[in-house]
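So the protein lines, in turn, are chains A and B.
Residues in the first sequence are numbered consecutively from 0, following numbering that gives the first Met the number 0.
Residues in the second sequence are numbered consecutively from 0, following numbering that gives the first Met the number 0.
Hints are computed from structural coordinates only; laboratory data are not their basis.
Treat the hints loosely; a few may be bogus.
[Unchecked claim] Away from chain B, derived, C-beta distances all over 12 Å, residues of chain A:
(1) D14
(2) D72
(3) I123
(4) E157
(5) N161
(6) A186
(7) R192
(8) A194
(9) E217
(10) R245
(11) E265
(12) E278
(13) V279
(14) V288
(15) L300
(16) A303
[Claimed, not checked] Derived Cβ-Cβ restraints for the label pairs, each shown as a range:
(17) Q179(A) - A43(B): 36 to 46 Å
(18) I114(B) - V20(A): 33 to 43 Å
(19) I109(B) - V20(A): 31 to 41 Å
(20) V174(B) - R257(A): 56 to 66 Å
(21) L153(B) - T92(A): 32 to 42 Å
(22) Q179(A) - E123(B): 48 to 58 Å
(23) R28(A) - G213(B): 32 to 42 Å
(24) R257(A) - P51(B): 56 to 66 Å
(25) R36(B) - E157(A): 51 to 61 Å
(26) I139(B) - S12(A): 35 to 45 Å
(27) D197(B) - L155(A): 32 to 42 Å
(28) G11(B) - G38(A): 54 to 64 Å
(29) E123(B) - V213(A): 43 to 53 Å
[Unchecked claim] Covered, in the sense of this in silico footprint (three residues per stretch, anywhere, with C-beta under 8 Å from a C-beta of chain A), are these stretches of chain B:
(30) 43-49
(31) 58-72
Where is the CB? At the ideal position from N, CA and C, for every residue including glycine.
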Amino acid sequence: MPTSLLAQVPPGSLDLLAGDVRRRRHVQREWFALAEAHGYQEVIPPTFEYEEVFTRSAGPELASRLIRFVDRDGRLVALRADFTSAIARVVATRLADAPLPLRLAYAGKVYRQEPEAVGRRREIFQLGAELIGDPSPEADVEALRLVILQMRALGLGEFQINLGDIRFVRPLLNGLPPEQAEALRIAIDRKDRAALAASAREMGAPAAVARALVELPELIGRGEVLARAGALASGPEAEDAIERLRRVDALLADDERRHVVYDLGEIRGLGYYSGIQFEVFVAGVGRAVGYGGRYDGLLALYGADRPAVGFALETDALADLLAVEPS
Amino acid sequence: MSRALRIALPKGRMMDEALRLFEAMGSPVDPAARDSRRLILPSADARFEFLPVKSGDVPVYVESGVADAGVAGQDVLEEAQPDVLRPLDLGFGGCRLCVAAPEGAPYPRIAGGGIPRVATKYVESARRFFAARGTQVELIRISGSVELAPLLGLSDWIVDLVQTGRTLAENGLVVVDDVSSSTARLIVNRASHKLRLDEHQRLIADLASALERGAGS
Numbered sequence: 000m001p002t003s004l005l006a007q008v009p010p011g012s013l014d015l016l017a018g019d020v021r022r023r024r025h026v027q028r029e030w031f032a033l034a035e036a037h038g039y040q041e042v043i044p045p046t047f048e049y050e051e052v053f054t055r056s057a058g059p060e061l062a063s064r065l066i067r068f069v070d071r072d073g074r075l076v077a078l079r080a081d082f083t084s085a086i087a088r089v090v091a092t093r094l095a096d097a098p099l100p101l102r103l104a105y106a107g108k109v110y111r112q113e114p115e116a117v118g119r120r121r122e123i124f125q126l127g128a129e130l131i132g133d134p135s136p137e138a139d140v141e142a143l144r145l146v147i148l149q150m151r152a153l154g155l156g157e158f159q160i161n162l163g164d165i166r167f168v169r170p171l172l173n174g175l176p177p178e179q180a181e182a183l184r185i186a187i188d189r190k191d192r193a194a195l196a197a198s199a200r201e202m203g204a205p206a207a208v209a210r211a212l213v214e215l216p217e218l219i220g221r222g223e224v225l226a227r228a229g230a231l232a233s234g235p236e237a238e239d240a241i242e243r244l245r246r247v248d249a250l251l252a253d254d255e256r257r258h259v260v261y262d263l264g265e266i267r268g269l270g271y272y273s274g275i276q277f278e279v280f281v282a283g284v285g286r287a288v289g290y291g292g293r294y295d296g297l298l299a300l301y302g303a304d305r306p307a308v309g310f311a312l313e314t315d316a317l318a319d320l321l322a323v324e325p326s
Numbered sequence: 000m001s002r003a004l005r006i007a008l009p010k011g012r013m014m015d016e017a018l019r020l021f022e023a024m025g026s027p028v029d030p031a032a033r034d035s036r037r038l039i040l041p042s043a044d045a046r047f048e049f050l051p052v053k054s055g056d057v058p059v060y061v062e063s064g065v066a067d068a069g070v071a072g073q074d075v076l077e078e079a080q081p082d083v084l085r086p087l088d089l090g091f092g093g094c095r096l097c098v099a100a101p102e103g104a105p106y107p108r109i110a111g112g113g114i115p116r117v118a119t120k121y122v123e124s125a126r127r128f129f130a131a132r133g134t135q136v137e138l139i140r141i142s143g144s145v146e147l148a149p150l151l152g153l154s155d156w157i158v159d160l161v162q163t164g165r166t167l168a169e170n171g172l173v174v175v176d177d178v179s180s181s182t183a184r185l186i187v188n189r190a191s192h193k194l195r196l197d198e199h200q201r202l203i204a205d206l207a208s209a210l211e212r213g214a215g216s
């Protein structure tokens, strides 16, 4: 192979050299010190798995981004696209009889197909945790608290957690024919005011639902948003969502609460999360640097019905944000 | 807090209309900067910085977060499918994406029952359109003078933007189908919207009320 070819790597992959590696290892070391101190044990799922491990949980979006190959026996295998799915499989099989709750932590690479020429990497480092077997608001707060502690351990004091509960928006899509539901999901996801109003008209939505739809893009803010959202809640499921967020809010300490913005109009976690969901943002970064939430239905897909809450942080993004070069 | 909100604008007529709208809401381009060749144009009230870029690049700047928001035609968004918020239809920049064929040419089948060849700049939009119709086509990506393709025998049909239809007529083409219609949209970076919520909500409200007053049209 001529050296000009050797000098290239496939788009979306890259070499990490001394400084890049040092920053990532620093992020990971801080993470495992923190995770261990909170009773989380590290697990390392395999780099590749039968593809159905990921297609089972992830839905069509992630399924279309798997990097697959054919194994010796002809079965389709995929590179690890998501730690949560792999850990769900482990918990439902090898750890099926383990006493609950289980606290598991991880750090490593995930691999996803990305469109060409948009500058996204196809292998990225993530770290995260799963708390399995505890349905309580205290467990939700434990996940949020680990995120906050990890950000602080890295000296990243200025960050924002946008926290919602998918049960607030999900009922708005219930009972709609699939095409209408999809159009409405897109309108909510894009905060497209005109399309939201049009959807409400087309559905012939009752006045209360129509008002909730049009107000969705505005339901972002501190604690007072929960009161506003409570008045718009469209049934028992949405009321449960608000009640859960109130309990989470009450469990947070003041210096934790200052990082939290309530965000009821977010629908990204539909089909994956079953309760609280959140994203982590840092000024100057154009994408979320972390995400998580409760996914009580997920483990049942692997044969062990357990409540679970967890999160993943983007190790690469955090490493790039480190102000001081770690020694 | 930090710097002004950065707004990516598509160079050309759509940028002029967008700037008229910003002017109507009290944020004209700083006159000192207007005629210079500066790459970033601040608004006189220091609330915004405008980034003039090629129309197809607006989604790239906004999705990546280099710009906090931008103005892009619906046609450009359908083609690029960026992961951004689309809170507002700005109403101007209206055009249609159409299938056009030489006058009298058969559509939606071609003579002899072969697979039609379609030249276009909007490959993704055309792919989705014909897939939804169940029509098998061969798409040819070209980057300009699309109307020439059928004349020169490169393609049977074209998919292109139509404003008045004059260019089509001059080349002996007629519209045979509508793919989509398009107006300019405000698009917003997702992370920026979360982190600078008040500024974005004010921007959206100000633009909406300027539109209601009929500015920019």
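Now for the hints, and whether the structure bears them out:
1. D14: Given a closest Cβ separation of 22 Å, the condition holds.
2. D72: 34 Å, holds
3. I123: 16 Å, holds
4. E157: 10 Å, violated
5. N161: 5 Å, violated
6. A186: 9 Å, violated
7. R192: 6 Å, violated
8. A194: 8 Å, violated
9. E217: 7 Å, violated
10. R245: 21 Å, holds
11. E265: The claim breaks: E265(A) does not keep its Cβ more than 12 Å from every Cβ of chain B (closest is about 9 Å).
12. E278: 7 Å, violated
13. V279: Given that some Cβ of chain B is not farther than 12 Å from that of V279(A), nearest at about 10 Å, it is violated.
14. V288: Answer for V288(A): violated, closest chain B Cβ roughly 9 Å.
15. L300: 26 Å, holds
16. A303: Label holds. Min Cβ-Cβ 33 Å, cutoff 12 Å.
17. Q179(A) - A43(B): 36 to 46 Å: Since the Cβ atoms of Q179(A) and A43(B) sit about 45 Å apart, the hinted range of 36 to 46 Å holds.
18. I114(B) - V20(A): 33 to 43 Å: Violated: the Cβ-Cβ distance is about 51 Å, outside 33 to 43 Å.
19. I109(B) - V20(A): 31 to 41 Å: Given range 31 to 41 Å: violated, Cβ gap about 58 Å.
20. V174(B) - R257(A): 56 to 66 Å: 57 Å, holds
21. L153(B) - T92(A): 32 to 42 Å: 57 Å, violated
22. Q179(A) - E123(B): 48 to 58 Å: 24 Å, violated
23. R28(A) - G213(B): 32 to 42 Å: 60 Å, violated
24. R257(A) - P51(B): 56 to 66 Å: Check failed, 38 Å falls outside 56 to 66 Å.
25. R36(B) - E157(A): 51 to 61 Å: Roughly 36 Å apart at Cβ, these two residues miss the hinted range, so it is violated.
26. I139(B) - S12(A): 35 to 45 Å: 31 Å, violated
27. D197(B) - L155(A): 32 to 42 Å: Given range 32 to 42 Å: violated, Cβ gap about 22 Å.
28. G11(B) - G38(A): 54 to 64 Å: Given range 54 to 64 Å: holds, Cβ gap about 60 Å.
29. E123(B) - V213(A): 43 to 53 Å: 31 Å, violated
30. 43-49: violated (count 0)
31. 58-72: holds (count 5)
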